[in-house]
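Listed here are the chains, written in short residue letters.
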Amino acid sequence: MNTYQGQTLSWKLQEGVIDLALHRSPCNEIGLPTLHELEEFAAALPNLQASAHALVLHSTLNTGFCAGADLRELYRGSQELGREAALRGVRDFLERIHRVLNTLDAAPLTTIAAVHGVTFGGGFELALVCDLIIADKMARFCFPELRLGLIPGFGGIPRLKRDLGNSVVRDLLLTGRSFNATKAQQIGLVSQVVGEGEALRVARATAAQIGKFDRNTSATAKKFIKPIPHQELQQEIDLFCELFSRPAVEAGLQKFMESTDALPYLP
Amino acid sequence: MPTADQTLDEILTLAATHFKVPREKLTPDDDFFKTLGIDSLQALELLTRLEHHFRVELPDYELQGVSDFRTLASRIQARL
Chain A
205 MNTYQGQTLS WKLQEGVIDL ALHRSPCNEI GLPTLHELEE FAAALPNLQA SAHALVLHST
265 LNTGFCAGAD LRELYRGSQE LGREAALRGV RDFLERIHRV LNTLDAAPLT TIAAVHGVTF
325 GGGFELALVC DLIIADKMAR FCFPELRLGL IPGFGGIPRL KRDLGNSVVR DLLLTGRSFN
385 ATKAQQIGLV SQVVGEGEAL RVARATAAQI GKFDRNTSAT AKKFIKPIPH QELQQEIDLF
445 CELFSRPAVE AGLQKFMEST DALPYLP
Chain B
15 MPTADQTLDE ILTLAATHFK VPREKLTPDD DFFKTLGIDS LQALELLTRL EHHFRVELPD
75 YELQGVSDFR TLASRIQARL
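Quick mapping for you: the protein sequence lines, in order, are chains A and B.
Going left to right, the first sequence walks through residues 205 to 471 as this note's numbering numbers them.
Going left to right, the second sequence walks through residues 15 to 94 as this note's numbering numbers them.
If we strip away everything but chain A, and leave its shape as in the complex, we get (with noise of 0.2 Å):
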């Protein structure tokens, strides 16, 4: 299936480069129904690299990248559910969703992940997967997960450990802070920073840069030189889940459900 629209992304193969777009209003939360669609997109992913040295992953919306995780389904399961069952959900839900993200981690083709505005949380973890970050000069990264008494719960912690020195990724995930796009280069996270509105083009150009150079060779290189930490993600997802069990998480959930801010999530 080289071309697919969906109700939250959508994908296309074009001169050997995957061209993976989301757009999930407000702000590409995901939940279950973007889950789906990127199990269909991990599931396409063998045929397609069959064809394509490169990968683009960026959003359409003016928002931002991806805000994270889609905090108004998990307080909505985690109230219909009752806990026990809520837990259940919420380490089936990390489960397939570090299936994806370990599937293109490990993709034998270059990724770039194009981002601006909002790529926080869950978003930032999704930017973390691919190979290249390219940020417009407006985008603004951040782990909010401590102000809910969660930590990361799609990778973040060992894909920033395996990426950056640990001073930063304390600094990123015991302050909550956000920063921008200058910072992000400087810290060594984002490999290009571009004008507003560029962040795409600059992707595709990089794509097609790649597209010079052997396939196998990348592919090689990039196995030698990012190694997946399979063994720190199911911690992550073994502690993520016994903090959700906390009647803390819940508090910080219902709060943010109440919250009358367009975009309870941010700072």
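FYI, nobody ran anything at the bench for these hints, they're computed from the structure.
In this text the structure is predicted, and so the values were computed from the model without any measurement.
A hint or two may mislead.
Stated by the list, open to error - Within a straight-line C-alpha distance of at most 20 Å, the following computed SDA-like cross-link-like pairs (lysine to any residue) qualify:
id: 1; chain 1: B; residue 1: Lys34; chain 2: B; residue 2: Ile52
id: 2; chain 1: A; residue 1: Lys387; chain 2: B; residue 2: Pro73
id: 3; chain 1: A; residue 1: Lys416; chain 2: A; residue 2: Glu219
id: 4; chain 1: A; residue 1: Lys387; chain 2: A; residue 2: Val373
id: 5; chain 1: A; residue 1: Lys387; chain 2: B; residue 2: Arg63
id: 6; chain 1: A; residue 1: Lys459; chain 2: B; residue 2: Asp53
id: 7; chain 1: A; residue 1: Lys341; chain 2: B; residue 2: Phe33
id: 8; chain 1: A; residue 1: Lys341; chain 2: B; residue 2: Glu65
id: 9; chain 1: A; residue 1: Lys341; chain 2: B; residue 2: His66
id: 10; chain 1: A; residue 1: Lys341; chain 2: B; residue 2: Leu28
id: 11; chain 1: A; residue 1: Lys459; chain 2: B; residue 2: Tyr75
id: 12; chain 1: A; residue 1: Lys459; chain 2: B; residue 2: Ser54
id: 13; chain 1: A; residue 1: Lys416; chain 2: A; residue 2: Gly399
id: 14; chain 1: A; residue 1: Lys216; chain 2: A; residue 2: Ala412
id: 15; chain 1: A; residue 1: Lys387; chain 2: B; residue 2: Tyr75
id: 16; chain 1: A; residue 1: Lys365; chain 2: A; residue 2: Ser395
id: 17; chain 1: A; residue 1: Lys387; chain 2: B; residue 2: Leu61
id: 18; chain 1: A; residue 1: Lys387; chain 2: B; residue 2: His66
id: 19; chain 1: A; residue 1: Lys416; chain 2: A; residue 2: Lys426
id: 20; chain 1: B; residue 1: Lys34; chain 2: A; residue 2: Thr267
id: 21; chain 1: A; residue 1: Lys387; chain 2: B; residue 2: Glu59
id: 22; chain 1: B; residue 1: Lys34; chain 2: B; residue 2: Thr17
id: 23; chain 1: A; residue 1: Lys416; chain 2: A; residue 2: Asp335
id: 24; chain 1: A; residue 1: Lys387; chain 2: A; residue 2: Gly399
id: 25; chain 1: A; residue 1: Lys341; chain 2: B; residue 2: His67
id: 26; chain 1: A; residue 1: Lys459; chain 2: B; residue 2: Val70
id: 27; chain 1: A; residue 1: Lys387; chain 2: B; residue 2: Ile52
id: 28; chain 1: A; residue 1: Lys341; chain 2: B; residue 2: Asp74
id: 29; chain 1: A; residue 1: Lys341; chain 2: B; residue 2: Val70
id: 30; chain 1: A; residue 1: Lys341; chain 2: B; residue 2: Ser54
id: 31; chain 1: A; residue 1: Lys387; chain 2: B; residue 2: Ala92
id: 32; chain 1: A; residue 1: Lys341; chain 2: B; residue 2: Gln78
id: 33; chain 1: A; residue 1: Lys430; chain 2: A; residue 2: Leu308
Stated by the list, open to error - Which chain A residues face chain B? A few, computed with CB under 7 Å, are given here:
id: 34; residue: His240
id: 35; residue: Arg374
id: 36; residue: Leu378
id: 37; residue: Arg381
id: 38; residue: Asn384
In this text, a Cβ means the ideal position worked out from N, Cα and C, and glycines have one as well.
Fit chain B to the given chain A structure using the hints.
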């Protein structure tokens, strides 16, 4: 280094330009959420623009509860 008044004036000019509000309508003690008619997402955008303009880092928690231009300017001035 700009003076506190210069910093405040630059913030007002930047906000007026970006959010298309007449500069003369903005005063230092205005609540910028109300005067500019912005939500938290746009406030985040303003924060990013200010960081770029003044080449400073402004952690979100430094701005918690800040909604007027004068206090915003003082937070920036403290990092110049």
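Determine which of the earlier numbered hints do not hold for this structure and return their numbers in increasing order.
Structure breaks hints 13, 22, 26, 27, 32, 34, 35 and 36.
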